[in-house]
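Number of protein chains: 2
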Amino acid sequence: MAKSRKIYLDYAASVSANPSSIHILGVKAKTKLQNARKEVATVLGARPEEIIFTSGGTESNNLAIQGVVLAWKGKNLPHIITTNIEHPSVLETFKMLKKRKLADISIVLVEKDGIVDPKKIKKEIKKNTVLVSVMYANNEIGTVQPIHEIAKEIRYYKKQSAKLKGFFRSSDSRVPIPARPFKNLSVFPLLHTDAVQAANYLNLNVEKLGVDLLSLSGSKIEKAGRVGVLYKKKSVPLAAIFCGGDQELGLRPGTENLSEILKFSHALKSVEITKGKEVKRLTRLQNYFLNKLKRSDIFNNAGMILNGDLKNRLPNNINITFPKIPSDLLVIELSAKGVMASSKSACKSSHSEGSYVIKAIHPESNIEIGGLRFSLGKETTKADIDYTVKILSKILLKLKKWYN
Amino acid sequence: MAKSRKIYLDYAASVSANPSSIHILGVKAKTKLQNARKEVATVLGARPEEIIFTSGGTESNNLAIQGVVLAWKGKNLPHIITTNIEHPSVLETFKMLKKRKLADISIVLVEKDGIVDPKKIKKEIKKNTVLVSVMYANNEIGTVQPIHEIAKEIRYYKKQSAKLKGFFRSSDSRVPIPARPFKNLSVFPLLHTDAVQAANYLNLNVEKLGVDLLSLSGSKIEKAGRVGVLYKKKSVPLAAIFCGGDQELGLRPGTENLSEILKFSHALKSVEITKGKEVKRLTRLQNYFLNKLKRSDIFNNAGMILNGDLKNRLPNNINITFPKIPSDLLVIELSAKGVMASSKSACKSSHSEGSYVIKAIHPESNIEIGGLRFSLGKETTKADIDYTVKILSKILLKLKKWYN
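Residue numbers (this note's numbering), protein chains in the order written: chain A, 1 to 404; chain B, 405 to 808.
I should point out that these hints are in silico values taken from the structure, not numbers from a laboratory.
Any given hint might turn out to be false.
[What the hints assert, rightly or not] Below, a list of computed lysine-lysine pairs in the DSSO-like style, where the Cα atoms sit at most 30 Å apart:
hint	chain 1	residue 1	chain 2	residue 2
1	A	K101	B	K479
2	A	K30	B	K477
3	B	K479	B	K562
4	A	K223	A	K28
5	A	K95	B	K637
6	B	K673	B	K436
7	A	K99	B	K627
8	B	K499	A	K99
9	A	K324	B	K503
10	B	K728	A	K401
11	A	K233	B	K503
12	B	K410	A	K223
13	B	K434	A	K73
14	B	K499	A	K98
15	B	K434	A	K263
16	B	K637	A	K280
17	B	K477	A	K101
18	A	K98	B	K627
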């Protein structure tokens, strides 16, 4: 019999090789998994052991937030801070933790341009604040949050409280001792960012961003496998949500979804290489689209509002509101003509209540109106935008009675 | 421009169509998702709205157990029952819930043949018992648990306590009122079964089994997508573990992994069609394998023990112990000769402590010895078994000093 004969009698572990099996096929699968982990770590400027593979962005966000709260060993109820335009997987997790009395929460309101003021975050930090969670870029209006500045405010807070502790620790209270060098700052408050929408276009280096936790999702990256990632700085205490096997440092039990993980790491690396070029291309298209909208009498007559800051913004996002026309209606009219747009987060699409993000930046608006989001991508061309603007103009003319 | 032109400007929802989007591509994706749900429901004899897609078996088990405990509204701490040979995603979840003081737990010991006695389960049921979780078939030793009999014991308990309540509710305590018809029995205790290992070979009809919750995993089914399923009877109160969007009735938020879900439903249907034939084929192979083992002097001299009941057993599982030879060593020796077997659950493979399942049925044994599992599948032939037995015989002869 040939030496290379392979007989697989480990179907109960997995129909294909399981990276946790100790036989040679398992070991090979594990090597592939570790290489994928290294690739992702390299893109993030992190260490391989800081990468946890999950099932997606929602799980990554839940694991980051619930995980920090559940791991907290302090006497007081932990306190966590976020903003009012986060993805439902963050906002609803905050509300659940409050409801179950597992955490105190603060929800900071963003400004009218859809950007949060880092000083307002800092103002909410208390002694028992364990986590600040602010998204890198918003899924509906594409605004990019000042994560680095928020990280600086948190670090400043940590230094201040370290100084304070150093002072009180002096045996002679009249002699202020010099502040200790800032090597042993508390790890709290931690900073988490939901980078799901940012992955294709923004810098993901966790050191530069200054974050302790960062979430990614394969479903928003071209050709990526359907898995998620949670970056967790080594020093961050985290509890698992699921219990089970030892996979992913025990923080995410369950047989690893190897084929999808390999696709993910490969796609993330590819995106990183073409990012600069693609951002330039999309920025040009975005400006082209915006100018067409701004210069059109039809859009202006319908009272068009451009939602969210136009500078600190993803290059692929345009979000507009016509104050008297429900965006849902526009999505359906556009769809009938072959243009696929969106009126709110797909994750909240079964609610009839409209967009809480648009409501957050236009508190005076009718919640049912919402915003009309166009999110461009790899395949989008100038001709697509010409066609889209033409079709939307026709729809607006048809709906003239709604806004005249 | 052609009418059929499709312009996708919804990249932020998902790089491919998101079933929760309201445009036409979203609606089409949703239809596919609903069809997959129907297919899975048909195999289980359930309703489509009772099927929840998850990321895998570990998540399904966690959602079933944590979900029932978290949804419990009673005044007393909920009580849950399981056995000592469950998969880590069940056992560790039980231990975590106890540690976090969210539930009281009872762990019933299985008999020496690896089968649990339904009467022993019933004995543990208390007024505050909300859930009994017993696996359909064991992942290490392949023993099939008497789920239907456990369901009967639970139903009997429910009837008894309904009668009791009816009796005490009588205004005249001397006159026992007739028991109410058993239409309004309490839903508690619920019965959950982890059917991950059973899917390929056993009847999955939830009505026949008498279960309220049932877990499946794509990773153990040939050609199935890497997703999981939790069947949840409509009347079962369940809380989500993740918070976020409205997908999967809000019980499992996160963009649906449509391509994998479609693969899963298709594979489950295929398995159902070929099940009878495949069970017969594997049973013949299993007997062939067993007879070869039993008749060999080499195996008998090494003190071979066949683990787990040989009748109530998956047709693809053989698990043996040589009391003086660590099974890990045998797996590695076999692997070097091209035979992939297993020594314990891959989910616990990073622990050096051996198999808790083998320890449970042979309490007197050395925990490090464990069991050597061969799990057959689609591609397994008689020639594979001949080769495996030959190789294993050689290894045993080489290791003679270990057991002589």
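To see whether the hints hold, each was checked on the structure:
1. A:K101 <-> B:K479: Since the Cα atoms of K101 (chain A) and K479 (chain B) sit roughly 17 Å apart, the hinted pair holds (cutoff 30 Å).
2. A:K30 <-> B:K477: Distance of about 43 Å is beyond 30 Å: violated.
3. B:K479 <-> B:K562: Holds, because 19 Å separates the two Cα atoms, which is no more than 30 Å.
4. A:K223 <-> A:K28: holds, 24 Å
5. A:K95 <-> B:K637: holds, 27 Å
6. B:K673 <-> B:K436: Holds, at roughly 15 Å.
7. A:K99 <-> B:K627: violated, 41 Å
8. B:K499 <-> A:K99: Measuring from Cα to Cα gives roughly 24 Å; hence the hint holds.
9. A:K324 <-> B:K503: This hinted pair is violated, its Cα atoms lying about 54 Å apart.
10. B:K728 <-> A:K401: violated, 87 Å
11. A:K233 <-> B:K503: holds, 26 Å
12. B:K410 <-> A:K223: With a Cα-Cα distance of about 20 Å, the restraint between K410 (chain B) and K223 (chain A) holds, given a limit of 30 Å.
13. B:K434 <-> A:K73: This hinted pair is violated, its Cα atoms lying about 43 Å apart.
14. B:K499 <-> A:K98: holds, 24 Å
15. B:K434 <-> A:K263: holds, 24 Å
16. B:K637 <-> A:K280: violated, 52 Å
17. B:K477 <-> A:K101: holds, 15 Å
18. A:K98 <-> B:K627: Roughly 42 Å separates the two Cα atoms, so the pair is violated.
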